[in-house]
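So the sequence lines, in the order shown, correspond to chains V and E. With the first letter of the first sequence counted as 1, position 33 gets the number 33 in the numbering used here; the numbers rise by one all the way through. Adding 1000 to a residue's 1-based position in the second sequence gives its number in the numbering used here.
Hints listed in this document are in silico derivations from the structure and should not be mistaken for laboratory results. Positions of the beta carbon are idealized from the N, C-alpha and C atoms, including for glycine. One or more of the hints may lead you astray.
Claimed, not checked - Here are the computed lysine-lysine pairs in the BS3-like style, where the Cα-Cα straight-line distance is at most 30 Å:
(1) V:K110 <-> V:K69
(2) E:K1043 <-> V:K114
(3) E:K1274 <-> E:K1197
(4) V:K69 <-> E:K1274
(5) E:K1043 <-> E:K1094
(6) V:K110 <-> E:K1043
(7) E:K1274 <-> V:K72
(8) E:K1043 <-> V:K72
(9) E:K1066 <-> V:K69
(10) E:K1274 <-> E:K1190
(11) E:K1066 <-> V:K23
(12) V:K110 <-> E:K1249
(13) E:K1190 <-> V:K69
(14) E:K1066 <-> V:K72
(15) E:K1234 <-> E:K1190
(16) E:K1249 <-> E:K1197
(17) E:K1234 <-> E:K1249
(18) V:K114 <-> V:K69
(19) E:K1343 <-> V:K69
(20) V:K23 <-> V:K110
(21) E:K1066 <-> V:K114
(22) V:K114 <-> V:K72
(23) E:K1234 <-> E:K1274
(24) V:K110 <-> V:K72
(25) E:K1234 <-> E:K1197
Stated by the list, open to error - Partial pick of chain E residues on the chain V-facing surface, computed with a CB cut under 10 Å:
(26) E1077
(27) L1078
(28) Q1133
(29) E1136
(30) D1150
(31) G1170
(32) I1171
(33) D1189
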Amino acid sequence: MASFQSDSGNSGTSSTSAALNPKCTVCGQDLMQFRTGGRLGCPLDYEVFGETLTHFFETNQSALLHVGKWPKRGPSRFETLRWQAELRQAIVSQNYELAAQLRDRLQERKNQRKQRDDT
Amino acid sequence: MTLDELPRSPGEWLKGNGPESDIVICSRIRLARNLADFPFISKASRSEKSEIVTQIRESISESNSKLNYFDVERMSELDRQFLVERHLISRELKEGEGPRGVALNDDESASIMVNEEDHLRVQVMRSGFALLQAWEQIDDLDNRLEEHLDIAFSQELGYLSACPTNVGTGIRVGVMLHLPALGQTNHLDKFFRALQKINLSVRGLHGEGTQPYGDFYQISNQQTLGKSEPELIKSLSDVIPQLIEYERKARQTLLTERRQVLHDQVSRAYGVLKTAHTISSEETMLLLSSVRMGINLGLIDDLEIAQVNELFINTQPAHLQKIHGQTLAVDERNVLRASFLRKRLTEMRDGPPSE
Ligand SMILES: [Zn+2]
């Protein structure tokens, strides 16, 4: 069975907890949670836990790159997830101007999707 | 379509036809997919899960995929178990929480679980050894859905899944085998260890974490990254003919060296099924496994594989209760199962009773 337990070697470069236990700003999942549960919280965790995952792919998949089909719409940019996280942060830091902008962008994306689906 | 209208037939995977179906029960492929605009299931709120269901249901109808959606959250415990027994949903989806469901096509060859471990688990099952046909069907369904959905995909890592063990193609290719003769030899462990060395996993009938039962085994790929879907399918389908050959040889050896013992075992199994007055689902499965081998070896000639498969599925607890029309305790089920078997086996041998 796959294990995401620490391999001890590649995380000791900094003594700050952020470096030892990186946390995704989008979904809130941290590396410790991931190692315990084995499941990721959102697609951006693949970047956040990149180092751990690269090691895991090398050992368990003997490969680091996808070979195979692509979805019609191509790679994702995850804008909605990023903007939602930025919006939450803007509200916490009371940056209401930025919050309003982000809300508009998210609404616009939603409308675009509706239009595309309706045509 | 409602669940009660699902045919009383065994469903695609137990049809009992298709290539090599004396040994290969069915071929199965599933694809793990997630929507790019939502967190994975463990971090998704109830309203996000509902929105995921809505978007996926829209994509199913817009792509004209001819699938009917069933709401598993609001479904009775009995209906959920019924779908597990038909291999149309996983135990994880059955036991999950929040908005979730499954979309099925009419012949039950294709299904899409929504909000299981991933937002989408697309699955195709075909009777017999038919991985290429299964791939063509699932690739087409996946393409149709992806025209209407923003799928989480990275240029480097491919399809992004909630568990990193599925990343890349997100594909799991599997075949379910019936290996009763190899099961009586000591060679099976050796074969399975060899398969594990080439990154194939061996499991029991009901998938992850279950023990092999009644000599039914599922063999599937573990690697998902760094190889294309056709390459991963090939790595599995290359070893299956060899296993089929070993099983056939083992059956012939049993027939020549231990014919009386084998005939006795098969006849006793058949006899118990025809005469028992109370029987558990576990014992039923073991006995049907023997009968199935007996038919394939020509030791039983008044029953067909398709009929055995029908009994396999209809004697499972939820199926039995749905046929009976009410929920029953274990003891009552065991009595009902025995009388169902006696009745069906008589009908199968003599034809249905005349009016
Ligand atoms: Zn995340």
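Does K1190 of chain E lie within 30 Å of K1234 of chain E when you go C-alpha to C-alpha? Measuring from Cα to Cα gives roughly 22 Å; hence the hint holds.
For K1234 of chain E and K1274 of chain E, compute the direct alpha-carbon distance and say whether it is at most 30 Å. It is violated: about 42 Å lies between the C-alpha atoms, which goes past 30 Å.
Does the structure keep K1249 of chain E and K1197 of chain E at a Cα separation of 30 Å or less? holds, 24 Å
Are the Cα atoms of K1043 of chain E and K114 of chain V separated by 30 Å or less? Holds, at about 25 Å.
I1171 of chain E as an interface hint toward chain V, with CB separation required under 10 Å: Since chain V brings a Cβ to about 8 Å from I1171 of chain E, closer than 10 Å, the hint holds.
K114 of chain V and K69 of chain V were given as a pair; does the straight-line alpha-carbon distance stay at or below 30 Å? OK: K114 of chain V and K69 of chain V at ~26 Å, within 30 Å.
Given the hint that K23 of chain V pairs with K110 of chain V, test it: the Cα-Cα distance must not exceed 30 Å. The hint holds at about 27 Å.
Is the Cα-Cα distance between K1343 of chain E and K69 of chain V 30 Å or less? Not OK: K1343 of chain E and K69 of chain V at ~50 Å, beyond 30 Å, violated.
Could you grab the alpha-carbon distance between K1190 of chain E and K69 of chain V and see if it respects the 30 Å cut-off? Outside the cut-off at roughly 35 Å; violated.
Supplied contact hint for G1170 of chain E, tested at 10 Å Cβ to chain V: Hint holds; G1170 of chain E Cβ to chain V Cβ min 9 Å, cut 10 Å.
Next item in the hint list is E1136 of chain E. Is there a CB on chain V closer than 10 Å to its CB? Violated. Min distance 13 Å.
With a cut-off of 10 Å on the beta carbons, see whether E1077 of chain E makes it to chain V. violated, 25 Å
Of the numbered hints stated above, those contradicted by the structure are hints 3, 4, 7, 10, 11, 12, 13, 19, 23, 26, 27, 28, 29, 33, listed in ascending order.
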